[in-house]
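Hey, can you work out the whole structure from these sequences and the hints?
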Amino acid sequence: LAQRGQMAPGLGRRRCTAGARLRRGRRMRGGTPGSGRPLAAPLGPAVEEEELRIELRACHHALAQTRVEVLEVEADAREREERHEAEMDELVMEMDELDDRLCAEQEDLAAADVAVQRVLRTSREELAAAHAKVLLAQAEAELLRSESHMGTGHLEALGARLRRGEAEERRLEAEEAALSAHEGELDLELQREHEEEARLEARRCQLSEALEQTVQRIRAYEDWSWGVHQELRQVVEELEADNETAAQERGELEARAEELSHLHRMVAATAAPTGAAAA
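Under this note's numbering, the first residue of the sequence shown carries the number 870, and numbering increases by one thereafter.
There's no promise every hint is true.
What the hints assert, rightly or not - Quick list of simulated restraints, FRET-style, between CB atoms:
| # | residue 1 | residue 2 | range |
| --- | --- | --- | --- |
| 1 | 989 | 1082 | 45 to 51 Å |
| 2 | 1114 | 1090 | 31 to 37 Å |
| 3 | 1011 | 986 | 35 to 41 Å |
| 4 | 971 | 1086 | 26 to 32 Å |
| 5 | 981 | 945 | 52 to 58 Å |
| 6 | 1074 | 952 | 22 to 28 Å |
Source of the hints: derived by calculation from the structure; they are not laboratory data.
This structure is a prediction, so every number in the text was calculated from the model and none was measured.
Ideal Cβ placement from N, Cα and C applies to all residues, glycine included.
What follows is the structure in structure tokens.
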């Protein structure tokens, strides 16, 4: 952008140089017919016509060079715009991928959390039921001990039932401990997933900021390109106007040369009889 920004002053200097040559040619000729200014002693028609041809060639050369520079600036602007559009597409694709990953990970975490909560709830319900069975068995054992008239076989059956209930309770407690440990592991995994989610969110914010900065740079470049294009168009219009002015002056000079040639022929024709009479 900085390199392209230095082009406009050069175009202005070239425009001023072309205009200065035309104005200098007018001053050397001392005015133009019909302009209201007195005509100074004119140069020879051939000299004036040669100077005008030189100025016209310089104007045509400056106009051609300006058009080439306009085409180069427009091509460069199109190339930069395509490159910026490609960068924006890449950023948008990367942001979409990050959003998809975040959504998928959140769904996985939610599903895992629901499954763990369901297993824990089932285990607690089973443990509560086992506790209830153990309490019931203990109450029955106490009742059997208090009733001494009951038989020994029935007491042994109740004792075996009580031992089975206690074993079931210990098994359920072991399962609950294992599930609690697994819950801790799942909590750690969930914490890591949350950290990864935060990292991805930070990355998405960075990409959003980069995308916004890229959009701002594109807008700034478009504004600069539009300004340069307007200035180049103004330069071309002024050079074309200078060419039209030069062509008009050339026509006036040709008419003046024709008039001077006619006067020269008239003077020569008048001088010929006078010389003959004097002889």
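*Using the Cβ atoms, figure out if residue 1011 sits within 35 to 41 Å of residue 986.*
The hint (35 to 41 Å, Cβ to Cβ) holds, given that residue 1011 and residue 986 are roughly 37 Å apart.
*Is it true that the C-beta distance of residue 989 to residue 1082 lies inside 45 to 51 Å, as the hint says?*
At roughly 48 Å between Cβ atoms, residue 1082 and residue 989 fall inside 45 to 51 Å, so the hint holds.
_Beta-carbon spacing of residue 1074 to residue 952 - inside the hinted bounds 22 to 28 Å or not_ = For residue 1074 and residue 952 the Cβ distance comes to about 24 Å; the hint holds.
*With 31 to 37 Å as the target window, see if residue 1114 and residue 1090 comply at their CB atoms.*
Holds: the Cβ-Cβ distance is about 36 Å, inside 31 to 37 Å.
*Given the range 26 to 32 Å, decide if the beta-carbon distance of residue 971 to residue 1086 lies inside it.*
28 Å, holds
*asked:* 52 to 58 Å was suggested as the range; check whether the CB atoms of residue 981 and residue 945 agree with it.
replied: 54 Å, holds
Checked against the numbered hints given earlier, the structure satisfies every one of them.
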